[in-house]
Amino acid sequence: MLVDILSWICLMLGSLLGIIGGIGLHRFPDFYTRLHAAGTTDTLCAALFLVGLGLQMGVTLASLKLLLIFMFIYLTSPTASHSLANAAMIGGLKPVLGK
Amino acid sequence: MMYAVAIVAIIITISLALVRALLGPTVYDRITAMNMLGTKTILLIAVFAALTGRHDLLDIALVYALINFIGVIAVLKLVEQGNLYTAGEKPNEESE
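Going down the list, the sequences are from chains A and B.
Per our numbering, numbering of the first sequence is gapless, rising by one per residue and ending at 99.
Per our numbering, numbering of the second sequence is gapless, rising by one per residue and ending at 96.
Hint data in this document are derived by calculation from the structure and do not stem from the laboratory.
The reader is advised that the hints may include incorrect statements.
Said to hold, decoys possible - Reference listing, derived: stretches of chain A covered by chain B, where coverage requires no fewer than 3 residues with Cβ under 8 Å from a Cβ of chain B:
1) 7 to 18
2) 23 to 34
3) 39 to 48
4) 54 to 63
5) 74 to 81
6) 85 to 93
Ideal Cβ placement from N, Cα and C applies to all residues, glycine included.
Generate coordinates for the entire structure from the input sequences, incorporating the hints supplied.
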């Protein structure tokens, strides 16, 4: 029962963060702020979802796979965000400043 | 019920990211949206696996995570350098 409540909380927080990231993709003025909205919510959203699902599944092979997915997203999502910002900076895209 | 709400939230997020990928003024906006869409697809597959009890779908989610990362990096290299064969250093200005 307690596990169900914790899992529900994790999944709902993850859903909320995902939708916030999606709205942030539309409401921010330039690329770098949009990347901030998408990149920062992505990792925690995935982490909350996978923890919530892992609580439902218990200690099985499936939750080990969820842990692998979590570790991979945890490592690669900030890397992808960093290389996106780096590529945009090298590509000559200027951030909107002074607003 | 719990899984249904999560799936609806993921689909809303995917729709928002897809609209940004279609509208995006720069190519980097599009790549950001596709990166986010890929992550949400992984979560969608994971929630679907938990919903139907088919835990072998988690392998597909894991492979999708790998392919998503490699794809984003490859597309970024293609956009940044104009090709996929240049080594790490930046191309010379006068040679182009």
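Hints, verified against the model:
1. With a threshold of 8 Å between beta carbons, the proposed coverage of the region 7 to 18 of chain A by chain B holds, since 8 of its residues qualify and at least three are required.
2. With 5 residues having a Cβ less than 8 Å from any Cβ of chain B, the region 23 to 34 of chain A passes the three-residue criterion, so the hint holds.
3. With 4 residues bearing a CB less than 8 Å from a CB of chain B, the region 39 to 48 of chain A meets the requirement of three and the coverage assertion stands.
4. For a cut-off of 8 Å, the count of residues in the region 54 to 63 of chain A with a CB near a CB of chain B stands at 5, and the three-residue condition holds.
5. Against chain B, the region 74 to 81 of chain A contributes 5 residues with a C-beta closer than 8 Å to a partner C-beta. That satisfies the three-residue criterion, and the hint holds.
6. Residues of the region 85 to 93 of chain A lying with their CB closer than 8 Å to a CB of chain B number 5, which satisfies the three-residue condition for coverage.
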